[in-house]
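A.B. asks: Note that the protein sequences, when read in sequence, are chains A and B. Under my numbering, the letters of the first sequence match residues 6 to 102, in that order. Under my numbering, the letters of the second sequence match residues 2 to 471, in that order.
Treat each hint with caution, since some may be false.
Which bits of chain A does chain B cover? Going by a derived footprint, with three or more residues having C-beta under 8 Å, they are [said to hold, decoys possible]: (1) 10-16; (2) 19-30; (3) 35-44; (4) 88-97.
Read the hints as simulated data drawn from the structure, not as lab findings. Ideal placement from N, C-alpha and C gives every residue a C-beta, glycine not left out.
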Amino acid sequence: MDRTELRLPQAERGQSFDVDVNGEPVVAYPGETVAAVLLAAGVRSFNVTASGSPRGLYCGIGHCFSCLVTIDGARNQRACVTPAQPGMHIVIGQTLP
Amino acid sequence: MKERRVALAIIGAGPAGLAAAIEAAGRGVETVVLDAHPEPGGHYYSLPSSEFRLPAADRDTAEGRSLAEGARRAGAALWSGAQAWGLYAEKQFLVCLSSGPEARLRADRVIVAAGAQERPLHCPGWTLPGVMTAGAALRMLKNQMVLPGHRFLLAGSGPLQLALAAHLVCAHVELAAVLEARSLRSLLSAWRSSTALLGQRQRATLGAGYITDIVAARVPLRTGWTVARVVGRDQVEAAVICPVDRQGHPGRDGQETLPVDTVCLGHGLLPASHLWRQIDVDLVFDPVQQYHQPVRDRWGETSQPGLYVAGDAAAVCGRRAAELEGRLAGLAAAAQFGLLSESRLLEQARPLQQDVERERRFARLLADLFGPLPGLLDLATDDTVICRCENVTLGQVKQAVADGARSVQEVKHQTRAGMGWCQGRTCAGTVARTIAAATGLDLAEASRYTIRPPAFPVPLAELLEEDIHA
Numbered sequence: 006m007d008r009t010e011l012r013l014p015q016a017e018r019g020q021s022f023d024v025d026v027n028g029e030p031v032v033a034y035p036g037e038t039v040a041a042v043l044l045a046a047g048v049r050s051f052n053v054t055a056s057g058s059p060r061g062l063y064c065g066i067g068h069c070f071s072c073l074v075t076i077d078g079a080r081n082q083r084a085c086v087t088p089a090q091p092g093m094h095i096v097i098g099q100t101l102p
Numbered sequence: 002m003k004e005r006r007v008a009l010a011i012i013g014a015g016p017a018g019l020a021a022a023i024e025a026a027g028r029g030v031e032t033v034v035l036d037a038h039p040e041p042g043g044h045y046y047s048l049p050s051s052e053f054r055l056p057a058a059d060r061d062t063a064e065g066r067s068l069a070e071g072a073r074r075a076g077a078a079l080w081s082g083a084q085a086w087g088l089y090a091e092k093q094f095l096v097c098l099s100s101g102p103e104a105r106l107r108a109d110r111v112i113v114a115a116g117a118q119e120r121p122l123h124c125p126g127w128t129l130p131g132v133m134t135a136g137a138a139l140r141m142l143k144n145q146m147v148l149p150g151h152r153f154l155l156a157g158s159g160p161l162q163l164a165l166a167a168h169l170v171c172a173h174v175e176l177a178a179v180l181e182a183r184s185l186r187s188l189l190s191a192w193r194s195s196t197a198l199l200g201q202r203q204r205a206t207l208g209a210g211y212i213t214d215i216v217a218a219r220v221p222l223r224t225g226w227t228v229a230r231v232v233g234r235d236q237v238e239a240a241v242i243c244p245v246d247r248q249g250h251p252g253r254d255g256q257e258t259l260p261v262d263t264v265c266l267g268h269g270l271l272p273a274s275h276l277w278r279q280i281d282v283d284l285v286f287d288p289v290q291q292y293h294q295p296v297r298d299r300w301g302e303t304s305q306p307g308l309y310v311a312g313d314a315a316a317v318c319g320r321r322a323a324e325l326e327g328r329l330a331g332l333a334a335a336a337q338f339g340l341l342s343e344s345r346l347l348e349q350a351r352p353l354q355q356d357v358e359r360e361r362r363f364a365r366l367l368a369d370l371f372g373p374l375p376g377l378l379d380l381a382t383d384d385t386v387i388c389r390c391e392n393v394t395l396g397q398v399k400q401a402v403a404d405g406a407r408s409v410q411e412v413k414h415q416t417r418a419g420m421g422w423c424q425g426r427t428c429a430g431t432v433a434r435t436i437a438a439a440t441g442l443d444l445a446e447a448s449r450y451t452i453r454p455p456a457f458p459v460p461l462a463e464l465l466e467e468d469i470h471a
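Same shape as in the complex, but just chain A (with noise of 0.2 Å):
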């Protein structure tokens, strides 16, 4: 079964709120990580490292920094751990130092 809701039903969520992913608005709900709301949204690539390869989400716990995005300016913050929060700037796609 090929499903475009990655978000389970089980779960009741609360209001839905919009974050903005490079300038196009994007729906989150209370209690998602950074990376929840990219992963439900279909996008995978986080991050591109200096070499040119695109990176995502990999242990999920917070100890490998492949999940790395800029949010509300601060650059390099692990998605996976970062809840998200009404009118978020995230920045995704960008290079690695």
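Add chain B to chain A, keeping to what the hints say.
C.D. replies: Chain B alone, transformed into the frame defined by chain A:
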């Protein structure tokens, strides 16, 4: 710099940390539990976000929540979202934090209960977006209730990926296959000959339930197979799988290509040791699991007086052992603060110590069954990235060894492998095994490397605020 004094600091709010807090705070020890994640519970429980409402909590979720509630009721302060990055042994212990209510904690005693991380598999393509650890996928499903992809391949060794497969089946996701690298014959022979299964009926039932779910959903469960490489341009587009021999060496024939967008790798767990290893405690190398453990007494206290390590952060034995070790450390800490008499301590500890021995026997069985397979190292080619932070390839690591590097530390100096964001968590084991395979050096010797603060990167602005003469 904001600093707070506390009697007991517990690092990690998983089963070990919460159980330790229940015992210590419950007896009047002033206790702070800090944890990097928004929810307490740790990775085993991966409790659903408290913002979600669920019709009914399953048994694990109820158990995890009751541990967290128990720690709060006992009077422990739970600091969620506080990342510990430094641990120093001074007159007291100094714990350095990022993004917590205070930046520094001075504690008379510390229990490190930081849990585990996954042992990586370095196959070509493992850094592509869409390749993640089994634990990452489980956490996304259980804590965030989001599916991390559409079409999955699971490859690894051990029970974690069976749990993940059962969750995916339950969510009606397309699951192309579950690959167990161990052959069925080696699994059955070790399983049959073991007495460590005594008293583990509940676990056996759980495992059998997972397999039943997987088979009922007509998902192929293949033993003696692994993922040979992952293919894709910007993300996973397919996975090539291959049979392996009993040592894990990939076969040349019989490769198959599966069109998937997500590959979950689960090759067992490693202790999250980057905090306690900042202190120079006595170590012992476990040759089966291939990692260093702290030497501990029966309460979990290390050779540094007042520093305890409990649960998987010391040696991976699973959730139940972690909870028991946490209780023992919490009781011992309470006794050291004079809040529990020696005789009461021994009386309360006796049944816990028996249970923890049973759990350790079971963990040893799992280690024998699913410990790291040497042949899987052969999956990486010279241009496969080993250190994903600094983009160091296997070829560069081998060159450093050819140039004389004989430890993880020396390879790090020559290549920068292990010098990046994750501080070697993801590459050190494979670098050590590469050195040992190339030189015949003892793995314990090859695994040597120095771990220094910070365990996690700290913004310079935070450090600049620091008064170093405080």
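A.B. asks: A separate judgement is required for each hint: does it hold in the structure or not?
C.D. replies: Status of each hint after checking the structure:
no., hint, verdict
1, 10-16, "holds (count 5)"
2, 19-30, "violated (count 1)"
3, 35-44, "holds (count 7)"
4, 88-97, "violated (count 1)"
Violated hints for the displayed structure, listed by number in ascending order: 2 and 4.
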